[in-house]
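Chains A and B, in that order, give the protein sequences.
For the first sequence, the positions run 1 to 600 when the working numbering is used.
For the second sequence, the positions run 1001 to 1315 when the working numbering is used.
The hints are simulated quantities; they were obtained by calculation from the structure and are not laboratory data.
Every value quoted in this text rests on a predicted model; they were computed, and no experiment measured them.
There may be inaccurate statements among the hints.
Claimed, not checked - Below, simulated DSSO-like cross-link-like pairs (lysine-lysine); rule was C-alpha separation at most 27 Å, straight line:
no. : chain 1 : residue 1 : chain 2 : residue 2
1   : A       : K153      : B       : K1144
2   : A       : K359      : A       : K293
3   : B       : K1127     : A       : K88
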Amino acid sequence: MVLERQILPYLQWLLYGEPGGMGALLRFVLVLLGVGLAALVIGFLVAALRYGFARGGDMTYRTVSGGFVELLHTRWRRVWALAMLAVKEARRRRVLIALGVYLVILLFAQWFLSTDYPEPARLYLSFVLTATTYLMLGIGLLLSAFSLPSDFKTKTIYTVVTKPVRAGEIVMGRILGFTIVGTVLLAVMALASYVFVIRSLDHTHEIDAAALKTINIGGEMRGYDGSTDKEMGHRHLIELDADRRGLAEQDRGHVHEILPDGEGYDVSGALGLMKARVPKYGKLAFIDRNGAKKDSGISVGYEWKYRSFIDGNTQAAAIWTFDGLDPNTEDESLELALIVRVFRTHKGVIGQPITGSIKFRNPETGQSSAESSFLALDQQIDEMSFARAMFDPDDNPVDLFEDLVTDDGRLEVIVQCLEGGQYFGFAQADCYIRQPEGDPRANFFKVNLSIWVQMVIVIAIGVTVSTLVSGPVAMLFTASFILLGFFRQFFLNVATGQEYGGGPLESLVRLVTQKNVMVDLGEGVGVTIVKSIDAVFQGFMWCVGQLLPDFRSLSAVAFAADGYNVPWDRVWQDLTLCGAYVVGLSILGFFLLRTREVAR
Amino acid sequence: MSDEVVLQTRALSKVYRDFWGRQKVRALKALDLNVHRGEVFGLLGPNGSGKTTTMKLVLGLLFPTEGEAVVFGRPASDVAKNERIGYLPEESYLYRFLTAEETLDFYGRLFDMPADVRAQRVDALIKQVGLDKARKRPLQEYSKGMTRRIGLAQALINDPELILLDEPTSGLDPIGTREMKDMILELKKQGKTVVMCSHLLADVQDVCDRIAILHQGELKELGRVDELLTIADVTQIRGRNLSTDCQNEIRDVIARHHGELLSMNNPTTTLEDLFLDIVRDSEARPGRRTASVAAAAGGDAATSDESGTPDQPAS
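All chains should be modelled from the sequences, with the hints used to inform the complete structure.
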């Protein structure tokens, strides 16, 4: 699974952030102060232009001071009343039709989604969860952007604001109401999609008992082997014990339990279709072909810098250091998983995987195990089990936990590519220790929770924007926010000059003059002017970028689709982000609504 | 009526501007008003005179360009003042997908009223405005009159001290108009302060203690209705069962004192009273209206006009 950013422990994320970075709390406070200051300056300038400096200043002061006093008078009964009104309004606007749309999507999906796919669960989960995400974001957008403007248009807002209702209560009531509606819809969709996936992929196989071969070892009958019939585009190899019990081997990401049933066999439904692997990640470092330590491997020319590579049949190696292991554990084995990105400079033997080696080393003593070889298929999850009783390179016995794990729980895993001219590519998340799997249903819930978080953020943005502008404009603005949110990193890269082609104006110049992004624009007054204007643009873009929610990072669909557990640290981070957006946007919406004339 | 001022405007002005801040229209020019506790105050004027703008400024729906509006000693922009205010807008801007009960319950919640108090108040108001049978129907099924009544009920949900009514009789039939006026007078009896704006002069005259006449955003006249309407140099004499001789004698007396007799004839009732009497009679005695009944009803109407309607001027 691709994990571009390490998931930090919640408190570290909240208070300190990544090493050399900033904690989320401090970032939130800084953004809030920045937006507040900008709003204050803009508000004062507008008021000063209309009413003069003295009165404008007085009005600004009153708005701010009175505003905070009003916030203290927030009453939940009013917020709840407004929330329930929003729920009724949403019902009146036939929001439940969305469920019908979702059902139609699922019905049509059945035609196009193939079960004859290497990982059908991944395909199905990815589809239903992505569809749910986009549908929920769309619903959140439409509900939130048009509600308040509609109240302004029909003037029903007159009868609300002439009651002791604070502007913040109107904003919060709307956000809460639409969140309730969205939550109900999402719950139904989540349930429907779960049933859809399970029911679509569940199947069984027939076993022809007569076709099974007997396994005889030393004249003694040890069991049977053979295969199941072909169902859903695949068949399983089977191996049964002498009691005719056993498992159909893993294929398409699942197994079946086999029990004798009279003369025949009873094959269970698909087991392990949905997984919730719980990885324990280590820290990755590299050794180059000459044996020197490096932070990253070499580039093979991919633009995506997520993985770097080691070259085969050299000293080059990828070394993961795990910590927190128990040297005194009584476990009999260490469960490891490895994902290898194979880059070939020549075909090698057609259809054959590339050979690599793996060994364990004590980072303090340097004592290591003998190398074990493995066959690497490109981007496949290779799940390995290493017995604790091992041998060192000199064939002396070593205990994986007692001898190779340090007293403070560290262990190194060293991976090399053994074939010359071939390369293995690794990222930090490509090797992990497998811990007991989580509950796939709980994981499915957590992924839907991440969709919920995105929906609530969209609702909060939509409601806040709609306090100021008409419905269609609010919808466009919110949609732009979502779009930019999906490309936040690129947007920030442009703002900070990390992308080729310069800022927006330079990009326009390049388009018009047909110069690609690598061509130097040269020097001159025109170029200086363009770059200066871009500098202002980029400053503005950077500021906007700080406000954008990173919808790509917020999505946890890949976790469920790839069969990984969503860590609770990640869930709490998402919920905290959601709360920060709701609080920040509610305050902003409060002041926007409070400083506008309700009537015309 | 007491001397306590519940609503005050000081040099209240409003200029409407376009998006670029350019002046479009000066809707209100330096309005100074005091409304006292317990009075029914009318804002009178033709369309575009600034009545509704004044009302919106007082409610905080608009921000003044200059001057200020003070309600219960608080600036109009202070939301806390709304605790003691009830407002009936010109059109009943209510959520049409709610029923009458839901509507009043919703507005009750906005006043942070506890559930039991709210339920009691909702029930009482629905009965008061005569919507008991329609309490479960969504407002989109209501007639104009019913909508105005539920609008008034929502304005009264918090038992307000000051009630602002924007064109309260607008769009109502004569019965509804009379009921609305009766309700305003009832509110006055309860000690409430009512500020209403209207361009229906008869309505204002019937219920208001004091009026302000606005025209083109400026205050043109302010005072008690009875004082403003009194014609100082004209004396009105009304009598019943006067013979022709008696009438001639009165003429002679006026002539002897060098007065000018403007008119002496039988007074007429108002069309409103006539209409209401006919409807009441129809309700009491369904069926075709006969000549005798009509005469009786007409007689009743004529004699019921005890308050007096100004005589027709002599042609």
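Against the structure, test the hints numbered earlier, and report the numbers of the ones violated in rising order. Every hint satisfied by this model.
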